[in-house]
Amino acid sequence: GAGVSQSPRYKVAKRGQDVALRCDPISGHVSLFWYQQALGQGPEFLTYFQNEAQLDKSGLPSDRFFAERPEGSVSTLKIQRTQQEDSAVYLCASSPNTGGAQPQHFGDGTRLSIL
Amino acid sequence: AQSVTQLDSQVPVFEEAPVELRCNYSSSVSVYLFWYVQYPNQGLQLLLKYLSGSTLVKGINGFEAEFNKSQTSFHLRKPSVHISDTAEYFCAVSGHSSASKIIFGSGTRLSIRP
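Taken in sequence, the protein lines are chains A and B.
When we follow the numbering used here, the leftmost residue of the first sequence carries the number 1, and every step to the right adds one.
When we follow the numbering used here, the leftmost residue of the second sequence carries the number 116, and every step to the right adds one.
Derived by calculation from the structure, the hints in this document are not laboratory data.
Idealized CB from N, CA, C, for every residue including glycine.
Misleading hints may appear alongside valid ones.
[Claimed, not checked] Pairwise CB distance ranges, derived in the manner of DEER restraints:
| hint | chain 1 | residue 1 | chain 2 | residue 2 | range |
| --- | --- | --- | --- | --- | --- |
| 1 | B | N156 | A | K14 | 20 to 26 Å |
| 2 | A | G28 | B | S185 | 37 to 43 Å |
| 3 | A | R81 | B | G168 | 46 to 52 Å |
[Said to hold, decoys possible] Covered by chain A, per the in silico footprint, the following chain B stretches (three or more residues, Cβ under 8 Å):
| hint | segment |
| --- | --- |
| 4 | 153-162 |
| 5 | 202-210 |
| 6 | 215-229 |
Turn these sequences into a full structure, and let the hints guide you.
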């Protein structure tokens with residue numbers, strides 16, 4: 001389809017392992033966001049890209065979290081040395097342009113479980 | 116900084132009854148306001164948004180919301196709910212700058228009883 005695609009849908013990892021989560025935004029969308037959604041909570045902002053530039057990473061919880069979007073399209077969120085508190089659904093969203101009025105189109109998320 | 120408060124974590128209603136989901140926000144600057152819906156194991160889908168102009172906003176699936184600046188509220192309403200409306204609903208705010216992120220409330224679970 002033409003929506004935001006995230007992979008994998010489910011990821012189980014042992015504590016201490018590194019994981020990589022992928023987001024394919026809608027083609028041509030300038031803005032890309034990553035959110036973390038803990039069980040029973042609303043999504044919380046992690047980081048924002050405008051094309052390939054990471055303009056805001058204020059929501060990343062620690063230096064174990066790293067995101068990139070090298071060619072301004074696909075983005076990867078990497079978590080190093082995973083901890084149990086990293087267990088959550090990670091949502092990616094894209095929007096066609098910049099600005100707070102732009103609607104964000106969400107993927108179905110990656111559910112990450114750390115054992 | 117902005118914040119969003121959804122006063123009810125869960126709202127049970129009977130099918131075909133009206134429903135109101137409450138949302139209050141806090142911000143020192145002008146904001147845009149949104150309601151998103153999340154069905155189980157899915158991402159979020161935009162229901163409606165308030166950017167400017169008329170304070171009554173109509174969205175998809177028969178939902179509407181009213182922006183009240185003096186009460187800093189943006190309550191979501193539907194006159195008659197269906198079983199298919201069972202989902203989690205999130206109120207959200209965003210600033211006006213070019214790099215604005217969305218701040219979400221903690222969500223309200225709407226459960227419809229037949």
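Output the indices of the hints that this structure fails to meet, ascending.
none
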